[in-house]
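Okay, here's what each chain looks like letter by letter:
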Amino acid sequence: MTATDIHQAIDAVWRIEQARLIAGLARMLRDVGLAEEFAQDALVAALERWPQSGIPDNPGAWLMATAKHRAIDRLRRNQRLERNQEEIGRDLEARQGMAATELESALDDPVGDDLLRLIFTACHPVLSTEARLALTLRLLGGLTTEEIARAFLVPEPTVAQRIVRAKRTLAEARVPFEIPRGEALAARLSSVLEVIYLIFNEGYAATAGEDWMRPALCEEALRLGRILAELAPLEPKIHGLVALMEIQASRFGARTGPSGEPILLLDQDRARWDHLLIHRGLAALERAERLGGALGPYALQAAIAACHARALTAAETDWARIAALYEGLAQLTPSPVVELNRAVALSMAFGPAAGLELVDKLTSEPSLKLYHLLPSVRGDLLKKLGRIDEARAEFERAASLTRNARERKLLLERAAACAGGPLQDRSAEPTG
Amino acid sequence: MRFMMLMIPKGYETATPGTMPSAEGVAAMMKYNESLQKAGVLLALDGLHPPSMGARVTFPGGKPKVTDGPFAEAKEVLGGYWMIQVKSRAEAIEWASRCPASENEIIEIRQVQEFSDFPADVQKAAARLPEMQMKSGQRAGS
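Sequence order for the protein chains is A and B. For what it's worth, our numbering labels the leading residue of the first sequence as 955, then goes sequentially. For what it's worth, our numbering labels the leading residue of the second sequence as -4, then goes sequentially.
Please note that the accuracy of each hint is not assured.
Here are the simulated distance ranges between beta carbons [stated by the list, open to error]: (1) B:Gln32 x A:Pro1212: 34 to 40 Å; (2) A:Glu1367 x B:Gly42: 53 to 59 Å; (3) B:Glu103 x A:Phe1304: 29 to 35 Å; (4) B:Glu103 x A:Leu1188: 34 to 40 Å; (5) A:Phe1304 x B:Ser30: 34 to 40 Å; (6) A:Pro1010 x B:Ala22: 30 to 36 Å; (7) A:Glu1215 x B:Ser92: 31 to 37 Å; (8) B:Ser30 x A:Asp959: 21 to 27 Å; (9) A:Ala1371 x B:Met(-4): 39 to 45 Å; (10) B:Gly42 x A:Asp1314: 55 to 61 Å; (11) B:Ser92 x A:Ala1140: 50 to 56 Å; (12) B:Leu73 x A:Pro1290: 51 to 57 Å.
To give a feel for the contact side, a few chain B residues facing chain A, derived at Cβ under 7 Å [as the list claims (entries may be wrong)]: (13) Lys26; (14) Ser30; (15) Gly35; (16) Ala85; (17) Glu86; (18) Asp112.
Partial list, derived from the structure: chain B residues whose beta carbon lies under 10 Å from chain A [said to hold, decoys possible]: (19) Arg(-3); (20) Leu1; (21) Met25; (22) Glu29; (23) Lys33; (24) Ala34; (25) Val36; (26) Val81; (27) Lys82; (28) Ser83; (29) Arg84; (30) Ala87; (31) Trp90; (32) Arg93; (33) Glu109; (34) Phe110.
Hints in this document: simulated from the structure, not taken from any laboratory. By construction, the Cβ of each residue, glycine as well, lies at the ideal position given by its N, Cα and C atoms.
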């Protein structure tokens, strides 16, 4: 193996082992920050030793043993031990004598409880959302500070600061390294799912031609979701989120045109959708449904995405079902944006008048006052109903509200197309 | 990036029809498969019946000719595959290295071609490929 090969191999081992390593150490040290520090020490040791010795047969156990020895050394050197640390020291001393196979099983964590504890800790509500995202990518994804900074388009020191502060907050708040039980579980699980979906969306919002780190965020979020689905296979909410991410990710290849311009869902070349991810997404949705209970917000959104995924052409879309699913979503998470989406689905299923009725109710909604999609949708429906002058005014209003130059141009073009007056635009009326 | 890990068991080229792996072998392999799944990298996997139950279609002079298995000339045949999603070729190699394979087994690692890997002229020639993949995938999924 060349030096480059061995470094790439160590990188690969690290990517596979680091989360479990940190999780196992965190259980013993009861401190996520310290756990990561000693895991890093073990990586440095591997980078020093493995180029000469070769990669050991069980690299995970080697890293774990090394990290634990470092931890013991450090605690011994520290003259002013707090009582708490003394206990940890004794605990580690006791474990130091473990045979290699026992070390292996300590790392094995067959049920994955340590990993689950680590996920819950990194997404703890005591941390800000930004801190949760950074810490999750760092501890679970094994991303470097530099990679996280590039992904979120912020300076590297900012991310480093966020992570340091997050670890300190966890230590100061004495957040226990545990899986929440009972009533707390649902809320804490929601926080975990929210973090994973935010990571996914951060990558999904980026368009082609941008930094490769942003699409990598989607892959990372999907990987975390898939891991979580295996760790807690009986939680339908997790399968719902995985289904949503798999189906959304299936559209990657179709979302942008040759010059990087975004292509809207209904205009996408469905042949470019990733069939394997669609298949996995539909299977995950089925799993969520099979586990019973009412579908959660992620599963409902996944079910909506699945309606699009199942339609071979845009014209075959089951809009009535999508409208019904949006209605369910509006009941779970009432929001004017969901209502607006429902209005679009209603208009596609039952004609523009059905959609406009709902849209008109939203025009007085304060939170949509500056939301360009409201006048854009309303303009579209008015145009289809032949109310051309009103449609033009709505497109112009939408153009004045959007911050996206490409979108503004498009909206102004649509407004201009209405300028000819109703007689010329009769062709835009629905035929039935 | 996606990789196929292709399992090539030596001796499988002459295995009799209906040859099955031992229960112990399968149990060990399932543990490995689970480790791939728990790590969130496994996308798909399958095992294949031996070539003695299959056939080869060759094209001497451009005309199809069917030969029933086993194939005397075959030195290496597929026994199954995994498809994984990983960050690098090195990660695929590391996963393959962890397989509880025996001395007479080989795992070949091959990166899956994505449509975007093709140059423009090949993309044009293969324009309907994703559509075919989609339709076949939907059939499998329904």
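Hints, verified against the model:
no.: 1; hint: B:Gln32 x A:Pro1212: 34 to 40 Å; verdict: holds, 37 Å
no.: 2; hint: A:Glu1367 x B:Gly42: 53 to 59 Å; verdict: holds, 56 Å
no.: 3; hint: B:Glu103 x A:Phe1304: 29 to 35 Å; verdict: violated, 55 Å
no.: 4; hint: B:Glu103 x A:Leu1188: 34 to 40 Å; verdict: holds, 37 Å
no.: 5; hint: A:Phe1304 x B:Ser30: 34 to 40 Å; verdict: violated, 50 Å
no.: 6; hint: A:Pro1010 x B:Ala22: 30 to 36 Å; verdict: violated, 25 Å
no.: 7; hint: A:Glu1215 x B:Ser92: 31 to 37 Å; verdict: violated, 43 Å
no.: 8; hint: B:Ser30 x A:Asp959: 21 to 27 Å; verdict: holds, 23 Å
no.: 9; hint: A:Ala1371 x B:Met(-4): 39 to 45 Å; verdict: holds, 44 Å
no.: 10; hint: B:Gly42 x A:Asp1314: 55 to 61 Å; verdict: holds, 59 Å
no.: 11; hint: B:Ser92 x A:Ala1140: 50 to 56 Å; verdict: violated, 40 Å
no.: 12; hint: B:Leu73 x A:Pro1290: 51 to 57 Å; verdict: holds, 55 Å
no.: 13; hint: Lys26; verdict: violated, 10 Å
no.: 14; hint: Ser30; verdict: violated, 9 Å
no.: 15; hint: Gly35; verdict: holds, 4 Å
no.: 16; hint: Ala85; verdict: holds, 4 Å
no.: 17; hint: Glu86; verdict: holds, 4 Å
no.: 18; hint: Asp112; verdict: violated, 11 Å
no.: 19; hint: Arg(-3); verdict: holds, 9 Å
no.: 20; hint: Leu1; verdict: violated, 17 Å
no.: 21; hint: Met25; verdict: violated, 13 Å
no.: 22; hint: Glu29; verdict: holds, 8 Å
no.: 23; hint: Lys33; verdict: holds, 5 Å
no.: 24; hint: Ala34; verdict: holds, 6 Å
no.: 25; hint: Val36; verdict: holds, 7 Å
no.: 26; hint: Val81; verdict: holds, 8 Å
no.: 27; hint: Lys82; verdict: holds, 6 Å
no.: 28; hint: Ser83; verdict: holds, 6 Å
no.: 29; hint: Arg84; verdict: holds, 8 Å
no.: 30; hint: Ala87; verdict: holds, 8 Å
no.: 31; hint: Trp90; verdict: holds, 7 Å
no.: 32; hint: Arg93; verdict: holds, 8 Å
no.: 33; hint: Glu109; verdict: holds, 8 Å
no.: 34; hint: Phe110; verdict: holds, 6 Å
Hint check: violations occur at hints 3, 5, 6, 7, 11, 13, 14, 18, 20, 21; the rest are consistent with the structure.
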